[in-house]
Every structure is written in C-alpha cells, then in structure tokens.
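Engineer: Letter by letter, the chains look like this.
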Amino acid sequence: MNRALFVQTWRAQRLKILIVCVALAVWGALLPIVYGAFGQTFRDIIDSGIVPEQLTQFGGGDIFSLSGSISLGAIHPISLILNSVFAVGFATAAIAGERQRGTLEVLLARPISRRTAYVTLLLATLSFVAAGVAATLLGAVVGSAIAGVLDELAVERLPLVWLNGFLLFAAFGSIGLAASVSFDRLTPALGITAAIVVVMYFLEVLGTFWPDAEPLQPYSLFHYYQPKQILEGEAPLLNFALPAIVAAIGVVWSLVEFPRRDLAAPA
Amino acid sequence: MAAIVTSGLTKRYGGGPPVHPPWIHPAPVVRALEDLSIEVREGEIFGFLGPNGAGKSTTIRLLLGYLHASGGSASVMGLDIARDSVEIRRRTGYLPGGIALYDTMSGEDLLDYLGELTGRPAARRAELCDRLEMSGSTLKRLVRDYSRGMRQKIGIIQALQHDPELAILDEPTEGLDPLMQRAFYTILEDLQKAGRTIFFSSHVLSEVERVCDRVAIVRRGRLVALEDVEALLARRKRNVEMRVDGPPPHLEGVAGVSAVAVAPDGRITCHLEGEVEPFLAALREVRVIDLTIEPAHLEEAFLELYHDEGDETDAAPEAVPA
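Which chain is which? The protein sequence lines are V and X, in order. Using the numbering used here, read the first sequence as starting at 1180 and increasing by one per residue. Using the numbering used here, read the second sequence as starting at 298 and increasing by one per residue.
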C-alpha cells in the first residue's frame, strides 16, 4: 500500500464520506424509532388480515421487531444507494475515472507499481464501505436508545452484522474495482457494476414478494445479507463466505488484469 | 552508460487470439511502433520528433511501463523497462503530453502530493517556480482556476522538482507563452550542464533545433532519421516568399533554390536550402519590395526529406487498443 495515495484518497473523499455516513446513521436510526413508535400498531393491522403477509417482509426485514426493523433499514433501497456511493461509485471511478480524466498518467509516473496503486485504492474502498456500514449500525443503536428499545437489541451481535454488511459491499466494491481496472472509460465500468448490483437486488426483492421467484434469490448476494437472522442468534457461515469469495475473485482478477494491460494515451 | 537504449522496440495493437470462434472478428493489427533502435547518451538533450500519431508517445509510454512491448527490448539508465519499471520511474521525471491535473487541489498541495509519491525531496521546486513565475499566491490557488499555460508550468515543475537523472518531456512547451518558453529552454540548458539527460518529444521543429543536441525522427511508427541537429539543419529547406518591383528574378538553377512559383497576385515563392548567398546574389538584379524567409513546416520537411522512406501501408498512427 502507498500511504501518500491512501491519505490523499481519504482527504479527497472526506466531505463525501461524512455526508454519506451521517445520512446512513440518520437512516439507521429512523427505522428503530418507527418500530418503537408504530411497531405494535403495524402488528395489529397485519394480524387483522387487511394487508397480505408477504407485503410485510422485505429482504428479510420487517417492522414488527427491532432486529427486523434494523434489517429492513439495511436492505432498503435508500441504504443500498448510500452504500453504493462508495462500493460502486468510488470503486468504478478509482481507476477508470482517473484514466478517463488523464490523472492516472500523473499518478503512475511515480514509482508506484500498478498493483500497489490497486491495493491502495482497494483498501480505501474497503475503509469507506466499513465506515458506511458502521454508521448505519451506530444510527440503529442510537435510534433504539431514542425509542427506548435498546434492551431488545443484541448489541454483542452487532459486529457480526457489521461484518455481514461489510462483506456484501466489499464484494460490490471489488467487482467495481475489477471493472475499473478493465476499462479505459468510466461509463462501461460503472454501467456493468451498477447492472450487477441492480439485477441482484431485483432477484432478491422479486423472490421476497413472489414465491415462484424464490429459487432465484440464492443467485443474489443480497440474499446472504441477513442482519435480522444474525441479531436473532443465527449466523450461517455461507452468509459470510460467499460475499468474501466474490470479493476475493474480484481482487484476483484485478491483480492479474491491471498490471498486464496496456494503458494507451488518454483520448 | 547510455541513458536510454532501445533495440528493435515494437508495439502492435489488435490482432486477437490466434484461435477464435468464426463469429468473432479480431481487430486488425495496428503497428504503433516498429523496430525502433535508438541510443540516448547521458547528459544530452535528445529530441524525439514526429507528427502527431508518429509513435512518439507510444515510445515514451513503453519506456515508462504504461505499455508492454510486442517485440524488442529497451533499457533506461541500465534498467530493463519490463522488469524495473518502478525503479525507472523513481529516477525519471515525466511530463505527459496535455497533462491532466487534480483540479480540486491547489498547485502547492498538488506538488507536495506528487513529491511525496515520488519519495525524493523536491530540491528544485523553489528554483523552478521562480524561473517559471509561479508565485506563492498562484500556487495557493486551485488548479481548476489555472490557465492552460499555468497548468503546463505545474506539469513541468512536477516533472523536474525532484531533480531526476532523466527527464522525459512530451510536448513541454504546449500552452506556454514565448517568454515562458524561453525560460523553459534555459532551465533545460542548466539541467544539461548539471549532467541531467533530457528526452524531449515535440512536433515543433524550431524548438528542437534550438535546444537539442541530437534528434530522432519517427514517422508512422518507424525511425526515419537519427542525427545531430546541425546535420538536420543543413538539410532543411526554408520557405521563401517575396514581392518584387518588375519582372521576377531568374531563380531557376540557383544553388539551393527549388520549387519556384509565381502566384497570379505577383507573389514569388520558393524553397531555399543550404547557403543563402547564391540566392541573395540572384536577387541583386531586381528591386525587392518584401521578403520573408521562414523555416519549413515540419510536415513539409518530412515530405521533402523522407517521402520515400518506409511503406505507407504497413504502419499506422498510435491507436487505442481495442
């Protein structure tokens, strides 16, 4: 890793990371508060049979328990979009964006190997993702305290929830960086990575609402992100191993592809 | 020891795998650089000339490890370009053509950052900033507010601030005003006096004539000439344009004069090569109203000097790989 590049990357992204983390923390706090205020009311409505049971579940989350509400907040599109700012946006721009702007020329004119540059940007991406997921969970803890339901929260299991979320977005970050090292322009790298994330999200959500589509869910990385399950005491190894394997494949691809490819003069 | 040695250095793009399904049509092979063999001596200012797309930037990018050679070999300061790319870049200063900078940083922060990445003290920065008139207040401004010339100056400073043994400069005076160009030339001369080697890529012939000891000229990816600047100057044709009072002078057959033409508006044009005295002697018989002798444009010089060199179809301008 190159320290100067890492520090500069953080410096350049600090305002963005601050905004995203605050937004994720606020969002993370919101759902426990909603649960604390309206959880029982929602439960009564569902029990009355007015709303079909399927519509009360979303990506493994619900609003009738604290763990369910935290899970719902984590898998919600708002959370996904905010976490994707770095897992997808930053990761895809890290190499391809610099290449398109021409600034990669200046960076690689220094005594830095491409692998070192990649590893540094990978670590930066992972640190951003780690901060984002941590902010969400910190918000959940604060929200639970505000709602007076902190005693329902298995705080000791939060590190595992963090790890599960971190590995999911690390996998997307790794895919984003793999696309980034493979293209000369940002658009294809961003397009491919965003498409992968959206399709996986669609498969997971589709399976949630439509039982016939449930067999498709295991093909989505989101299927292995289960904060509620973890908070309620279960932590299947596959939920951690699969995103980690996908992330590792992305890293290996990048470490092989980036050094061997030609970097022609920017257009 | 030579600063740069290339031996049969070749770069081709495209072609695709030798075995491929019938529905895949591999991109045609583009020969960006073909069999380049040059030697740049330590302590010289070496001009690397050629029109846009001739292979200049491809050569530089091969030397610095941005591209991988398809054939041949090269070394920079005795280091192999394939194996020792990082070490080469540690000892080299590079100014890319049309440099792109981080717009959200100030000039000073950018130079600090790039200096830190280089890992060597910015021993020449203050002197370079002074000579290129980049004041402290200017350096505190964001790069995005800089003019093109100021960006180029930052580019020059970042390439030279750590006093590299070898400077590779791609079109370094682009965007600089004439005063700054002059200042830049004196910087190069001083670097040379200090024993540094300058590899200077340009398509501006007059600039190369002024500062370089030797030049290599590439066209369509091939080396077409490698010689001392003085020898090149002796072969160069100048464009002449004049108006005379009365009938045109008899220039046919005058030593060094060629391509004489008289335009309908009375302008007389010709090319002049070598000694100027025979030409001036031929003008004594007429009253000259106006006379301009200007250097030939690079492309014209190429056409005159090298029009029969190489096969036009077997080499092509630099291309972005598919």
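Keep in mind the hints are simulated off the structure, nothing from the lab. Backbone N, C-alpha and C define an ideal beta-carbon position, used for all residues, glycine too. Heads up, a few of these hints could be off.
Unchecked claim - To give an idea of the chain V side of the interface with chain X (calculated C-beta under 7 Å), a few residues: (1) Gln1187; (2) Thr1188; (3) Asp1241; (4) Gly1281; (5) Ala1288; (6) Ala1444.
Engineer: Which of the listed hints are broken here?
Structural biologist: Result: hints 2 and 3 break, sorted rising.
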